[in-house]
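Visitor: Given two chains presented individually in distinct reference frames, assemble the corresponding complex, making use of the accompanying hints.
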Amino acid sequence: MTTICSLREAVAELIHDGDSIAMEGFTHLIPHAAGHEIIRQGRRNLHLVRMTPDVIYDQLIGAGCASRLTFSWGGNPGVGSLYRLRDAVENAWPHALEIEEHSHAGMATRYAAGAANLPFGILRGYVGTGLPEHTSGIKQISCPFTGESITAVPALRPDVAVVHAQRADREGTVQMWGLTGVQKEAVLSAQRSIVTVEEIVDELTPMANSVVLPSWVLTAVCHVPQGAHPSFAMGYSTRDNAFYKAWDPIAKDREVFTAWIDRHVRGTADHEEFCQSIGLGVHAGV
Amino acid sequence: MSDAAYTTDELMIVNAARQLGSLAASGHPVCFVGIGLPSTAANLARHLYRPSPVLVYESGCIGSKPTRLPLSIGDGELAETADAVVSVPEIFAYWLQAGRVDVGFLGGAQLDKYANINSTVIGEYEHPLTRLPGAGGAPEIAASAGTVMVIMRQSKRAFVERCDFRSSVGYGDGPGDRERFGLRGGGPKWVITDLGVLEPDPTSCELCMVALHPGVTPEQAISATGWPLRFADALHTTDMPTTLELETLRELQAA
Numbered sequence: 640m641t642t643i644c645s646l647r648e649a650v651a652e653l654i655h656d657g658d659s660i661a662m663e664g665f666t667h668l669i670p671h672a673a674g675h676e677i678i679r680q681g682r683r684n685l686h687l688v689r690m691t692p693d694v695i696y697d698q699l700i701g702a703g704c705a706s707r708l709t710f711s712w713g714g715n716p717g718v719g720s721l722y723r724l725r726d727a728v729e730n731a732w733p734h735a736l737e738i739e740e741h742s743h744a745g746m747a748t749r750y751a752a753g754a755a756n757l758p759f760g761i762l763r764g765y766v767g768t769g770l771p772e773h774t775s776g777i778k779q780i781s782c783p784f785t786g787e788s789i790t791a792v793p794a795l796r797p798d799v800a801v802v803h804a805q806r807a808d809r810e811g812t813v814q815m816w817g818l819t820g821v822q823k824e825a826v827l828s829a830q831r832s833i834v835t836v837e838e839i840v841d842e843l844t845p846m847a848n849s850v851v852l853p854s855w856v857l858t859a860v861c862h863v864p865q866g867a868h869p870s871f872a873m874g875y876s877t878r879d880n881a882f883y884k885a886w887d888p889i890a891k892d893r894e895v896f897t898a899w900i901d902r903h904v905r906g907t908a909d910h911e912e913f914c915q916s917i918g919l920g921v922h923a924g925v
Numbered sequence: 022m023s024d025a026a027y028t029t030d031e032l033m034i035v036n037a038a039r040q041l042g043s044l045a046a047s048g049h050p051v052c053f054v055g056i057g058l059p060s061t062a063a064n065l066a067r068h069l070y071r072p073s074p075v076l077v078y079e080s081g082c083i084g085s086k087p088t089r090l091p092l093s094i095g096d097g098e099l100a101e102t103a104d105a106v107v108s109v110p111e112i113f114a115y116w117l118q119a120g121r122v123d124v125g126f127l128g129g130a131q132l133d134k135y136a137n138i139n140s141t142v143i144g145e146y147e148h149p150l151t152r153l154p155g156a157g158g159a160p161e162i163a164a165s166a167g168t169v170m171v172i173m174r175q176s177k178r179a180f181v182e183r184c185d186f187r188s189s190v191g192y193g194d195g196p197g198d199r200e201r202f203g204l205r206g207g208g209p210k211w212v213i214t215d216l217g218v219l220e221p222d223p224t225s226c227e228l229c230m231v232a233l234h235p236g237v238t239p240e241q242a243i244s245a246t247g248w249p250l251r252f253a254d255a256l257h258t259t260d261m262p263t264t265l266e267l268e269t270l271r272e273l274q275a276a
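Chains as they are written, first to last, in the numbering used here: chain A, 640 to 925; chain B, 22 to 276.
Any given hint could be a false lead.
Lysine to any residue pairs mimicking SDA-like chemistry, simulated, CA-CA at most 20 Å apart [claimed, not checked]: (1) B:K86 x A:T877; (2) A:K884 x B:L92; (3) A:K778 x B:G203; (4) B:K86 x A:G717; (5) B:K210 x B:G120; (6) A:K778 x B:F202; (7) A:K778 x B:Q118; (8) B:K86 x A:A847; (9) A:K891 x B:G120; (10) A:K884 x B:L58; (11) B:K177 x B:E200; (12) B:K177 x B:L233; (13) A:K891 x B:T151; (14) A:K884 x B:A276; (15) A:K778 x B:R201; (16) B:K210 x B:T258; (17) A:K778 x B:R205; (18) B:K210 x B:E200; (19) A:K884 x B:A275; (20) A:K884 x B:Q274; (21) A:K891 x B:A275; (22) B:K177 x B:R89; (23) A:K891 x A:A731; (24) A:K891 x B:P149; (25) A:K778 x B:E200; (26) A:K884 x B:R89; (27) A:K884 x B:G57; (28) A:K778 x B:L150; (29) B:K177 x B:G144; (30) B:K86 x A:G874; (31) B:K86 x B:I143; (32) A:K884 x A:A898.
Hints are computed from structural coordinates only; laboratory data are not their basis.
Computed from a predicted model, the values in this text were never measured in an experiment.
Isolated chain B, as found in the complex (with noise of 0.2 Å):
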């Protein structure tokens, strides 16, 4: 148990990490990382749990093991410590459609109920109010990956009722879409937000709120929700950062 004060952020990282680490000891190591929060949290997870998790990255990079954090996918310290530097024809084709990635972990500007993503426009495609980078390596990750952990922060702007734009799906409009679309992966399984973590309910495909990190209340998940947010019957709340999980987090930070 930590005394030390720590930031949301942090909370929601630890537990992204925490969760890479029990799909890693569960037989489940290879994750494929968008940069940001997830290749943090990933990274932390590397350097926190054994087994580790396998570190894939876009630019082509397979089991990376960089000492800092790279600032962006393709930085050179995750080629040079990489088991195998591949093209990114291949990177997609053949490890990702194949089916050889056990987690896609992604981010996202509007995440909705049935966990879909949306990276494109915030407003209509042909007139947005913003222009957001775009769909990226997400669809293909979200669709292909045996499992998709999202990792966001909590508010009415991005967990809205309806995505804009769908550049990714999750569960689509809700059970059987994914089946119907042929998906092969399983879908999004987790999002660790800076107030909890939601999962899947395994009827409806609806996201719950099934933990909230300590001194979060539910009414402030309630009011950082765009939909009438419904909580597990067994809603519990996640374990505080150890001092070893924001000492090793706040050093690759500064590295």
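Just chain A, with the same shape it has in the complex (with noise of 0.2 Å):
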């Protein structure tokens, strides 16, 4: 059953050192608060997991939290690269980062898999890319109806999921619509999971296309207005696009992106103040 609790206790209490930690989101409710709270307790030695590490990874990355990543695509969307998360491949620079790459369709049925218990999943991928000679976990085996070759990918099983939706009621039980990416998977196939939400209200009122997560499947709830800026969650916020163009110089130098982050992040107590330093209005709910 899960905690309804501040989101600097979930992160105290479920995340620890050299976890595999899974923040997903795809360009829609990203947890960037939670990357925040991650970064100004210190945690080192994580395993980074997600299948587009965009700006919050490349926060987490320069701020020295991961010492891996599994990934299938880091870039900033629309924008170009990842400075940190190219300076820490390239330089080794604030340490060294392990990478294991996959494709989009390979982690997406390494979560599905996941989160279904399974010990891996099958997909038609990868074959004649470079992608296999680099990464241990792709291998071709054989449908035992038909003989085709298909390729097999293991399943991810991440210690914490961390994902952001729209709402939570107060029993704790979360929903989320609109792009909803893969985090039912990732919440799913992790051992632990915390979400962070806009609102918590009294009832939860349908919506199309929504992914609900029962309270009961999860272990912490925090509630974090704002929590996915400069990403956004749909009904609440739109995607702040002109954040990521800002992002592209701030990280292009590690002397800017250490005073940035020192300044905003590790120099903030909480989201709250996080959103006053960057000058961000809260909304007041829908």
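Guide: As structure tokens, then:
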């Protein structure tokens, strides 16, 4: 059964040095506030897992929280490079980052296998690319019925999944809608989970296309308005494309990056102070 | 015919949109769209042509109809204007892998003469000179889409004899490789660049220049290509962009 608590308590209790941690959200509902809290609490040697390690993982990697990354596409969407990720891979700054690289379809299959409590998942993929040469967990198997060759990838089983959602009720049942990416699979594949939400309500009203995660499959739910910024929560906020563009010159330079993290993340007590620090208004809810 | 000046990027985008429009007209409307140039050209085609291409984005959007160009493949408008929004595992498994996509529309950092694409690293994998974003959705798009169209600016750095890393497969090392790999899609059929259009030779699978844009010389194309570039016997010149094409593109980009 889930606990409704502060994000500070959830990260302190559930995320430990050396954990594998999947923070998901496919451009929408990315749990940025939780990433900042991990930096504030100074976690080290994390194995970060994420299909699209965008700005949130650029920050965690540049802040020295990670020693390993499993991913399929690492860029700032529509803008360009993740300079902190590149600096870690190309120059081992702030320290070396081991990478395990997949395709999107492969990562999605791996999460789905983890959620289904299977040892591996199958797909038609990877064949002829350079990925199997460098990533050990990509194997060919034969279909037991037809003999067709098919690609197998191991289930993802992160220690912790962290996602952001629109709302939860007072029991901690979570509802998200819009682009829901691979979040359901990430949460169900993980040993523990933290969900940050825009709003906590008395009763969840049905929404088209919504994904509902019952309180009893979650570990902690935290009320963090604007917790996805600069990503967004449909119905509450829009994607802050200007921030993604502004991130490019900040991340390009080690000192500018570190000063930004020191001032806005390490120098603030929580997400509310972070929002004030970068001049972001906090909405009143829908 | 337009007298208005246009950029080489506009020429490239307009020609890619025309190709998508003609595919949609011939009954192959479903297009899996990468962000950046592919998304710009696909949205232009959707505004210019009837029947319009059906845009599918890897974020889970099927049939998106945005009025402005998205910055990311997950901008809110793509979901708000979609016919259906599905999960990421579903978009790759039920829609792409199952063969429901007619055209995969890709870009990349490097392309070789067999239309293999590199979006992973420049240099050695273990010690890259430049770490690029990675393969993302491209390997399975290139494998499973009915056909593939590539849009890339043509230069010696980008159009190479052999990719530093093979993120997604065009024709591998030549004829027969796609069949050997068991890839179900037909592979790349068009590479649209800022200089013209390349297509694979039906026998050798090697990309050959089949068209040049107005004012582009064969020498320009040769010096922007890292392998000994061959030209089709019937090399033609692409049509000038029309006022409608240019105005529609500029309105989309300004929105």
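Visitor: State for each hint whether it applies.
Guide: So, going through the hints one by one against the coordinates:
Distance hint between K86 of chain B and T877 of chain A is fulfilled; the C-alpha atoms sit about 18 Å from each other, no more than 20 Å. Proposed proximity of K884 of chain A and L92 of chain B is supported: the alpha carbons are some 10 Å apart, at most 20 Å. The hinted pair formed by K778 of chain A and G203 of chain B meets the criterion: a straight-line CA distance of about 15 Å does not exceed 20 Å. Pair hint K86 of chain B plus G717 of chain A holds up; C-alpha atoms about 18 Å apart against a cutoff of 20 Å.
Among the hinted pairs, K210 of chain B with G120 of chain B is consistent with the structure: their alpha-carbon atoms are about 17 Å apart, no more than 20 Å. For a cut-off of 20 Å, the pair hint linking K778 of chain A to F202 of chain B stands: about 14 Å separates their Cα positions. For the hint linking K778 of chain A to Q118 of chain B, the alpha-carbon distance of about 18 Å falls within 20 Å, and the restraint holds. A hinted pair counts as satisfied when its Cα atoms are at most 20 Å apart, and K86 of chain B with A847 of chain A qualifies at roughly 19 Å.
The suggested pairing of K891 of chain A with G120 of chain B is violated, with an alpha-carbon distance near 40 Å, which exceeds 20 Å. Under the criterion of a C-alpha separation no larger than 20 Å, the hint pairing K884 of chain A with L58 of chain B is consistent with the structure, at around 17 Å. Note on K177 of chain B and E200 of chain B: the hinted pairing is violated, with a Cα-Cα distance of about 29 Å set against a maximum of 20 Å. A threshold of 20 Å between alpha carbons decides the hint, and for K177 of chain B with L233 of chain B the separation of about 17 Å falls inside it, so the pair holds.
The straight-line distance between the Cα atoms of K891 of chain A and T151 of chain B is roughly 14 Å, inside the 20 Å bound, and the hint therefore holds. Simply put, K884 of chain A and A276 of chain B have alpha-carbon atoms about 17 Å apart, close enough for the 20 Å limit, and the pair holds. In summary, the hint linking K778 of chain A to R201 of chain B is supported, as the alpha carbons are separated by about 16 Å, within the 20 Å threshold. Between K210 of chain B and T258 of chain B, the direct Cα distance comes to roughly 18 Å. Compliance with the 20 Å bound is thereby established for this hinted pair.
A C-alpha spacing of about 19 Å is found between K778 of chain A and R205 of chain B, which places the hinted pair at or below 20 Å, so the restraint holds. Note on K210 of chain B and E200 of chain B: the hinted pairing holds, with a Cα-Cα distance of about 16 Å set against a maximum of 20 Å. For the hint pairing K884 of chain A with A275 of chain B, the CA-to-CA distance comes to about 17 Å; that is within 20 Å, so the pair holds. Restraint check for K884 of chain A and Q274 of chain B: the C-alpha separation of about 16 Å stays at or below 20 Å, so the hint holds.
As the CA atoms of K891 of chain A and A275 of chain B are separated by approximately 27 Å, the hinted pair breaks the 20 Å bound. Taking the CA atoms of K177 of chain B and R89 of chain B, the gap is about 33 Å. The hint is violated against a cut of 20 Å. Using a Cα cut-off of 20 Å, the hinted pair K891 of chain A and A731 of chain A holds, with the two alpha carbons roughly 15 Å apart. With a C-alpha separation of about 18 Å, the suggested pairing of K891 of chain A with P149 of chain B holds against the 20 Å cut-off.
This hinted pair checks out: K778 of chain A and E200 of chain B have alpha carbons roughly 19 Å apart, not beyond 20 Å. This hinted pair checks out: K884 of chain A and R89 of chain B have alpha carbons roughly 17 Å apart, not beyond 20 Å. Among the hinted pairs, K884 of chain A with G57 of chain B is consistent with the structure: their alpha-carbon atoms are about 14 Å apart, no more than 20 Å. Our distance criterion of 20 Å between C-alpha atoms is broken by K778 of chain A and L150 of chain B, whose separation comes to about 28 Å.
Distance hint between K177 of chain B and G144 of chain B is fulfilled; the C-alpha atoms sit about 15 Å from each other, no more than 20 Å. At roughly 19 Å between alpha-carbon atoms, K86 of chain B and G874 of chain A fall within 20 Å of each other, so this suggested pair holds. Our distance criterion of 20 Å between C-alpha atoms is broken by K86 of chain B and I143 of chain B, whose separation comes to about 35 Å. A distance of roughly 18 Å separates the Cα atoms of K884 of chain A and A898 of chain A; the hinted pair therefore holds under the 20 Å criterion.
Hint check: violations occur at hints 9, 11, 21, 22, 28 and 31; the rest are consistent with the structure.
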